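Asker: Each chain is listed here by its residues.
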Amino acid sequence: MERIIFYSIALIMVVFAIASVTSRKMLRSVIYLLFVLCGVAGIYFLIDYNFLAAIQLTVYAGGIIVLIIFSVLLVHHIEMQLEIAKLSRQILTAVACMVGLGIFLTTIYSHEFNVVENSRTTTTADIGSKLLSYEAGGFILPFEVISVLLLAAMIGAIIIAKGAKLTGKNDKAL
Amino acid sequence: MGSEAIIVFLIAGIVLVAGANFLSNLISHKSDNPQKREPYESGMTTIGPTWVQFKVGYYLFAILFLIFDVEVAFLIPWAVVFKDFGAIAFIEVLIFLVILGLGLMYAWKKGALKWE
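In order, the protein sequence lines correspond to chains D and Y.
The first sequence: position 142 = 142 (full-length UniProt numbering), numbered continuously.
The second sequence: position 63 = 63 (full-length UniProt numbering), numbered continuously.
By construction, these hints were calculated from the structure, which means they are not laboratory data.
Computed from a prediction, not measured in an experiment: that's the story for all the values here.
Do not rely on the hints blindly, as some may be mistaken.
[Said to hold, decoys possible] Straight-line C-alpha distance at most 30 Å; calculated DSS-like pairs for lysine-lysine:
| # | chain 1 | residue 1 | chain 2 | residue 2 |
| --- | --- | --- | --- | --- |
| 1 | D | 162 | Y | 55 |
| 2 | Y | 55 | Y | 110 |
| 3 | Y | 110 | Y | 30 |
| 4 | Y | 83 | Y | 36 |
| 5 | D | 130 | Y | 30 |
| 6 | Y | 114 | D | 162 |
| 7 | Y | 36 | D | 162 |
| 8 | Y | 109 | D | 25 |
| 9 | D | 86 | D | 25 |
| 10 | D | 25 | Y | 110 |
| 11 | Y | 110 | D | 162 |
Chain D extracted, bound-state conformation (with noise of 0.2 Å):
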């Protein structure tokens, strides 16, 4: 049943995967990027890793695809059609892909791969009693120190968006 449910997925995201790459229309492909991040999620709930399924349709389907439309969006010729690249290109880029697949194919094939018995999978809070715990082996200190990463993301995001008008405020008011 689970085999069913992960060929019928793994089908999903490589057609949306090569949809994304081939269509010609950069609205089209972020919608088809869409899927095969929300493909990538069914797979983590497929293997029981509910949290991280969570964080990847909040955070990649929810937020990135927003970016990423909004950057689409910005874009002066959307209605524009890309082109297509010439032959030599588009036969090194073949060859390029070729050789990476190779790579991934005798890797993963030489690798042994060892079935675990009674193996535990990580829940949600699991995650949150770690992420608290001020004792040894908790992460308190990173889990507070994300939240700075955050915010100096924020400020930064804020300076570079705004940086010419902000900078023409101060010089006023001084």
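Following the hints, put chain Y in place on chain D, whose structure we already have.
Answerer: Only chain Y this time, still in chain D's reference frame:
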């Protein structure tokens, strides 16, 4: 139980949508003329392309949304174990939220939330 439910849900979804489309194709009245394909029937046709360039202001909101999105992702495991940890968990997450609240205050002060 879990995976069978997904399969049943998937099949039911496909059958319902495909069935509704097929039935409406089967029994609906068919007519085709040039007027039917206009965006506004018996209205004016649009001039120029329908694509518009968005204002850059949207992008800043998207980035701010993404940052708070990541913040909420970190609040999920906190909310799950909140009852076990009690007051300490509350203080820990309060520090987390206050630091991010500073960012929100900064954005507010600099007028990043104002629509121009």
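Asker: Which hints, by number, does the structure contradict?
Answerer: 3, 4, 5, 7, 8 and 10
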